[in-house]
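Colleague: Residue 112 in this note's numbering sits at position 112 of the sequence shown, and the numbers go up by one each step.
Heads up, some of the hints might be wrong.
Restraint ranges, calculated between C-beta atoms of paired labels, are given here [what the hints assert, rightly or not]: (1) S122 with D67: 21 to 31 Å; (2) E15 with P118: 26 to 36 Å; (3) A47 with H173: 29 to 39 Å; (4) I147 with V29: 40 to 50 Å.
I should point out that these hints are in silico values taken from the structure, not numbers from a laboratory. Idealized CB from N, CA, C, for every residue including glycine.
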Amino acid sequence: LTDSIPGTDDDVYTEASRDFSSNLLGTIVEAYAASVLRASMPERAQACQTAAIEDWRNALLQLANDDPEQAYPFSESVKQALASQNTVSSAWAMLAALELFDLTGDNSYRDAAACFAPILLSCQETSFVNGIPFTGYFYDSPARTKILHFCHHSFDEFPIMALQRMRRAYPGHPDWINW
1 LTDSIPGTDD DVYTEASRDF SSNLLGTIVE AYAASVLRAS MPERAQACQT AAIEDWRNAL
61 LQLANDDPEQ AYPFSESVKQ ALASQNTVSS AWAMLAALEL FDLTGDNSYR DAAACFAPIL
121 LSCQETSFVN GIPFTGYFYD SPARTKILHF CHHSFDEFPI MALQRMRRAY PGHPDWINW
């Protein structure tokens, strides 16, 4: 239970660190919070939006080895780093970018999400394996060595959520049917 007052005993504090996945999850939550709070608490919404953009930039900087000139638009080295991302990180990156796109209307976020879509699609099974008529599930990475499954945290839904959001963000895109 919270009293909704910053700085009181019910607040939970953690040490900040730079972690690609944590920055992406932070971006998703902060951008969503900003959109929810925009009408009722505009100052808090602005703080959430600022935090979301900062977390997004930190995630991109990590892909660019802390070189802001390489972070966005994505350089070749960042595109290579993107290709090494796993299924969940790619889904989180897409969702984070699309939340920022919805929040700000800035097409650069939507375009960034599109850079992660091929990675995510490369992780999805689209054919019958060994004749078993079941498709649509995801492997943990483009290497396709292990089926994606979570025993504790339930993140199974993120890849499909990311693809659904891409369809909504790019209704006329030629790859829409694949998403």
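Colleague: Indicate, hint by hint, whether the structure satisfies it.
Modeller: For each hint, the structure was consulted:
no. : hint                      : result
1   : S122 with D67: 21 to 31 Å : holds (26 Å)
2   : E15 with P118: 26 to 36 Å : holds (35 Å)
3   : A47 with H173: 29 to 39 Å : holds (33 Å)
4   : I147 with V29: 40 to 50 Å : violated (27 Å)
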